[in-house]
Amino acid sequence: MADHNDPNAVNSIFSDIDVSAADLYDLFGFPSDDLDGGEKVVLALTFASIPQAGVFDTDMLYRILISPDPRAARAKDDRSLEGLLRYFGAVKEKYLGPGKAAEIRVTVDGAQRATVKFLGFHGGTFTTTVQTNRVERIDAPGGQRIQAYLGGRDDAFFNDLTGFFRSINYAPQFYRVPHTMPSLRELRIPKTLLELEGNQLFNFDSQDPEWGYGDNKRELPPGPHTWTGERFARDAQGNFRFVYSGRDCQAGKNINALVFEIPLAFLTPDLARDRIVQAWGESWVLKASSKVETIPDDPFWLEGPRALVNQAGEDAELRRYKLVDTDGQPFADAGLSEREDNRQLGANNFWLAPHFVKRLAHLGWGFGPSITALGLQTSFDHDGAQVSVHRTYVTAAAAFPRVIKTLFQQLPMADDSWNRKGLDIPLRRAFEIFIPNVCAVDMDTTGTWPFGRRLEDQVATRFLSLFLDMDARFQGKRYHLELLNDQALWDAAPILPKTPPNPLKNDKQFLKQFPYLAEPW
Amino acid sequence: MVSSAVSDLDADLARIDADLREPARDPAGLALHAGRLYQRAALTGSSTDLLKAEALVERALAVALERSDLYLLKANLDFAFHRLADVRADLEASPALRASPDGRALAADLAFQEGRFPDARRGYEETLIADRAWEHLCRLAHLEGVLGETARADALYEEAGEALTAKEMRAFAWVEIQRGLLHLKRGRLDRARAHYARAEAAYTGYWIVDDHMAELLAAEGDVEGALRAYRALARRVDRPEMWQTLGELCTFAGIDDEAELALTRARDAYLASVGRGEVRYYHHLADFLADVRPDPEQAVIFAAKDLELRENPWTLTALAWALHRAGRSVEGATLARKALESDVVDAHLFHRAGTILAAAGFRDRAVELLARARDWNPRLGAFHVHR
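So the protein lines, in turn, are chains A and B. Here our numbering is used: the first residue of the first sequence is 5, the next is one more, and so on. Here our numbering is used: the first residue of the second sequence is 6, the next is one more, and so on.
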């Protein structure tokens, strides 16, 4: 009598969520300074160094999808929700989709030799194998030479991750959140850049300054996990307390990376037209059913209806894998999609557009009043709120009026160095950056964010700058994306510690030549 | 994969044991250790690890601030020990657990054990809306299977298997065993073998796979092969039911001395469990005392105790069978009829009910049930394990 069916006896409750080789960290993309042999784009996908830096998990498959396109002409300044949704629809039709993008696909075998497939490129479709952990030159059928490095490196991201999680009251960074209570991640406390008076669940603890760093977590106290205060915290001198510390949480950490330097001529036949290289990364893990050898001569397998039906029209290799993570823009998932697994859509995140508007407004109610309190101007309309507010929206229509400026304002750069040819390139706007979720490298720029993403870009701080009113001025100069990285601003602000939110540079110097990312620790 | 020097199970055990060597400094650490011991028990089949896990959960519950995870673990332990009232109390104690997909699935499991199949179905389906995880798919698949919807059950198991990755090969092996079992119950030994072979390839060293493969060998007529497997399993896995199966197989093969030793060992372990106040082996004892070492009056007592814990078609049939073996077939027939009121489709249940009803004088119904049993599983007479 098999009256027991107990999958929980097999399921690993309380298993730690191991850092997985499927966990993508960043996608960097920028034009190479090396013009020998023509223009080239550098693309680097980084992910957790599991099992270790320089050693790849053989159950994984990584993809870098690439779509060269013309720079979009700037439409008239339509700031309506309908216009925004039309934009999303037009971009979807025009640029992306699974059938359009070419891709580089990488798997690594037990001997740590990588199979690299170039699929659907103008310069050809071909497969090659390369050694890991060394620079390899790959000759394409059309004669273009591609450089590749697949291996361990220093983590090129430098940011105060704990500070970011403190700003959004993200409990798992500070507490052991029960398996049974997934809703207790972002607690219902206003997001903020300045500590909230009495927010004991997240405010800095001078008795335990390492709390929230590494694995220094506490047991989650019983609820309510909310905040009932009315103001930002201030010390006796009237200083606010910054939720950020400027500390580099990624210091000393390694990643595994797939780095390619690819001639633009390999990507497109029309180098003059296709000046934007859009790219995003995906991680896939082998399905259990694929790991087990099938038994082809057993008639039973010919009777499995689902297996046969699912084969129609799908990529035979990808069918053996399961999509786990995607990465295009920094903060597209952590900041704007709440890291939900079912939102791992990569470039095809168009259906998230209404959510993007609602989420941006939710963040704005947190960060906007913080910016105002510091004496700065915000792009978010918070009705003069004196303190951060926890507010969520059911509809994009309700949220939209609050974020019109945040969405549509042009984002000035600190100076003109990004536009290295002095061309008439429109400044990017928030809605163009995050949907679709791709790294869109403008080949006529330096590729600094948001015109791509260079290794040395402090993107975490630039992301916060979206909430600044770019029409305002600081010390006589118009606001720009680098303003919050300016030490002078913090020196003048009533805040402690007096530091930009995130470190200004990486813990290890980047290389001047390929593969650009620093050697692993 | 099968021939690797260190089995997958041994590798997992080594990882768990390494975790357990780390001191548990706080309630979260205690919970983690308890969870690891629970996993260890699943790997080894060891009741001792379950008991150790239980003790740790109790310690952690006494000091923890947030207890929902601990109650989830406790509820799973209580399920493993058949303490259904305690499972209900665990769910009551933690609103957070009750509201979570795991909690809702456990509540549906309770409904299943209590024979409330529509409630169980509703619970599983609602859980799947919230979390279409492999383990919840398997729960619904199991329900579909016992209700005779073999194809639907198999499709759900297949979906569960497709949701699993190469990092979850033990779970995949378990799902393949469930799929094989579906076919074994229909007498489709070749299909069962195909799934069991996949399970064997997916995760090496797993006693659950070896157990089912050995049962299949016996059903296929390879009694020698099955004996070899069960001798190894009985030594390796700390569970009395393994000794019972070995003993029954020895009896089947005419090896009476070995059968006697194995069955005595099983009986002693069952009774020791009862002596400790445990209820988990009531069901096995009822079976054992009805058929293997006949003591029908005692079988009636243990079957009645099991029925008191959970009234479902199988516990009803077990008591009916014990009564029949005690010469009280008319009383047994009443319970068997009640068991048949459910929608369960189970050849073994039909066969037992038919036999009881025949003895009680209900010949037409008995003939119909015995035919139905043969239709559902043409190989019903083959060796099978009491699970």
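It is possible that part of the hints are untrue.
List time: in silico DSS-like cross-link candidates among lysine-lysine, alpha-carbon distance up to 27 Å [said to hold, decoys possible]:
1. B:Lys172 to A:Lys295
2. B:Lys172 to A:Lys326
3. A:Lys257 to B:Lys343
4. A:Lys512 to A:Lys481
5. A:Lys481 to A:Lys516
6. A:Lys481 to A:Lys257
7. B:Lys57 to A:Lys121
The hints are simulated quantities; they were obtained by calculation from the structure and are not laboratory data.
Against the structure, the hints come out as follows:
1. B:Lys172 to A:Lys295: Given pair Lys172 (chain B), Lys295 (chain A) holds - Cα atoms ~10 Å apart, limit 27 Å.
2. B:Lys172 to A:Lys326: 12 Å, holds
3. A:Lys257 to B:Lys343: 65 Å, violated
4. A:Lys512 to A:Lys481: Violated, at roughly 32 Å.
5. A:Lys481 to A:Lys516: 32 Å, violated
6. A:Lys481 to A:Lys257: Violated, at roughly 37 Å.
7. B:Lys57 to A:Lys121: 51 Å, violated
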